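Asks: Just so you know, the sequences run in chain order R and S.
Counting along the first sequence from 1, when you hit position 224 you're at 224 in our numbering, and nothing is skipped either side.
Counting along the second sequence from 1, when you hit position 233 you're at 474 in our numbering, and nothing is skipped either side.
None of these hints come from the bench; they were simulated from the model.
Owing to the predicted nature of the structure, the values given are computational and were not obtained by experimental measurement.
Glycine is no exception: its CB is placed at the ideal position from the N, C-alpha and C atoms.
Please note that a few of the clues may not be correct.
In silico DSSO-like links for lysine-lysine, alpha-carbon gap of 27 Å or less [unchecked claim]:
| id | chain 1 | residue 1 | chain 2 | residue 2 |
| --- | --- | --- | --- | --- |
| 1 | S | K281 | S | K421 |
| 2 | S | K337 | R | K238 |
| 3 | S | K479 | R | K239 |
| 4 | R | K239 | S | K302 |
| 5 | R | K40 | R | K61 |
| 6 | S | K302 | S | K480 |
| 7 | S | K337 | S | K480 |
| 8 | R | K238 | S | K480 |
| 9 | R | K78 | R | K238 |
| 10 | R | K178 | R | K40 |
| 11 | R | K238 | R | K178 |
| 12 | S | K421 | S | K302 |
Part of the chain S face toward chain R, derived, beta carbon under 8 Å [unchecked claim]:
| id | residue |
| --- | --- |
| 13 | G411 |
| 14 | V446 |
| 15 | I450 |
| 16 | T470 |
2 protein chains.
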Amino acid sequence: MGNVFDNPSFFSKYMELRSDYNYNDYLEHPAMESLLPPLKGRSVLDLGCGYGAYAMSFMRKGSSSYLGIDSSSHMIEKARTENAGAGISYRVLDLKSLDTLSTVFDVAYSSLVFHYIEDFDALLRNIYAILSDDGVLLFSQMHPLLTASYGYSGYFEGDYFAFSSYQEEGRREGRWFKEKVVSYHRRLSSIMNSLSDSGFIVDRVLEPIPREEDIREFSQLERDLVRPTFLCIRAIKKKSK
Amino acid sequence: MGNVFDNPSFFSKYMELRSDYNYNDYLEHPAMESLLPPLKGRSVLDLGCGYGAYAMSFMRKGSSSYLGIDSSSHMIEKARTENAGAGISYRVLDLKSLDTLSTVFDVAYSSLVFHYIEDFDALLRNIYAILSDDGVLLFSQMHPLLTASYGYSGYFEGDYFAFSSYQEEGRREGRWFKEKVVSYHRRLSSIMNSLSDSGFIVDRVLEPIPREEDIREFSQLERDLVRPTFLCIRAIKKKSK
């Protein structure tokens, strides 16, 4: 199955969305920044790096090296053109094939990708294997409250947010720019247990809340005063499972 | 004298109580049982023990001792009458005054009490202080999705469950048999972070799902196929914070 980001029409619409100041910029990105471990002298692996939006920023913060991987060759091409620099490299690689990497990393970073991954336990096993001792896994995903319902991400009725099927894990199909997008719903408890079973200690969990001044600029953020859109987790690799 | 069950108002309240009781029985209690650490030779502190419903069962599982504490002298009186035995003791003590206990315990257990506690961080600090190294904290509470909304625990609309104010933590007032009941809403992320900050490693999280055969017996459980009613957490005391 082709990567949806390799579809030119989808890709251009996605880039338009990304170039606007958006939900991710106001909520997910500041939350992830606040969770970043010290990067000085540490190697970073960016899982599902897209066009490498954060590569330069990680290097500026002192990372010894940055490897961005993404399954879309289109994205990696764009990353190599737009976000190149000393210590930065990219590779077309599916997250399912992490075990083909032979290097060890100090930090595994992933922004809004894990809810597209079917086998979370296998992914975590592979990340555990390529992290150094006390290595850090920092990731964000769509909040389980938004991946729960079938077909779309729930609805608002006044100040109330309604969702269904939270307890039922598995495949969900939605539409994004008319393209079918498949994601996988996992309950918060399952995410925590998978991390624990894979040898990680969860150190910090965030359900980002918008700032008042940002809501004044971008009123849609008000919804995140009711329910979170994103879930961000920082976990540390235990020395022995 | 007429039968009290012939009083419609009493009867409906009684049935409500029974259905609450069933809920715990079918969902919360089996989940907590599945999370119990080995009890053989270990001392247990039951926080908010009520009438000591689990005291005998803990002793049968091999606990070296059981202390149940509760702020209600009425409950402790009932516990001493109904659930007494060798190694079992009870004490009228508020969870706020845990620091007056001088003993150390191997297991701190608490069923459906923590959502009534205002200062969760202080509670966890006190529990940490009276746990042995590698001691286990096992607790359940109302799920944050049910403590979120003001006044009541959200509503169903078909297969959808609606809640409000999840992101807004703090005091909630509800009614139970016309009595005002105060509880405190905390987001799942905050619960996790408080545990981590207090020196605990979260080992297992459960959002209990009802069994098919139980739903056939008690159809209200079907709602827990959509959203969880309870949250159960097992956490281990880290040797050094």
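Asks: Each hint should be assessed against the structure and marked as holding or not.
Replies: Structure-based check of each hint:
1. Taking the CA atoms of K281 of chain S and K421 of chain S, the gap is near 40 Å; set against the 27 Å cutoff, the hint is violated.
2. Taken as a hint, the K337 of chain S and K238 of chain R pair is broken in the structure, with Cα atoms around 33 Å apart against an allowance of 27 Å.
3. A hinted pair counts as satisfied when its Cα atoms are at most 27 Å apart, and K479 of chain S with K239 of chain R qualifies at roughly 14 Å.
4. Between K239 of chain R and K302 of chain S the alpha-carbon distance is near 32 Å, which puts this suggested pair outside the 27 Å criterion.
5. With a CA separation close to 6 Å, the supplied pair K40 of chain R and K61 of chain R stays within the 27 Å bound.
6. A C-alpha spacing of about 26 Å is found between K302 of chain S and K480 of chain S, which places the hinted pair at or below 27 Å, so the restraint holds.
7. Taking the CA atoms of K337 of chain S and K480 of chain S, the gap is near 24 Å; set against the 27 Å cutoff, the hint holds.
8. Proposed proximity of K238 of chain R and K480 of chain S is supported: the alpha carbons are some 14 Å apart, at most 27 Å.
9. Distance check on the hinted pair: K78 of chain R and K238 of chain R sit about 36 Å apart at the alpha-carbon level, beyond 27 Å; violated.
10. At most 27 Å may separate the alpha-carbon atoms for a hinted pair to count; K178 of chain R and K40 of chain R exceed this at roughly 42 Å.
11. Taking the CA atoms of K238 of chain R and K178 of chain R, the gap is about 42 Å. The hint is violated against a cut of 27 Å.
12. At most 27 Å may separate the alpha-carbon atoms for a hinted pair to count; K421 of chain S and K302 of chain S exceed this at roughly 37 Å.
13. A distance limit of 8 Å between C-beta atoms decides the matter here; for G411 of chain S the minimum to chain R is near 13 Å, and the interface restraint is violated.
14. Below 8 Å, beta-carbon pairs count as interface contacts, and V446 of chain S has one with chain R at about 4 Å; its hint therefore holds.
15. The beta carbon of I450 of chain S is positioned within 8 Å of a beta carbon in chain R (closest approach about 5 Å), and the interface hint is therefore held.
16. About 11 Å separates the beta-carbon of T470 of chain S from the nearest beta-carbon of chain R, more than 8 Å, and the hint is not met.
Checked against the numbered hints given earlier, the structure breaks hints 1, 2, 4, 9, 10, 11, 12, 13, 16 and satisfies all the rest.
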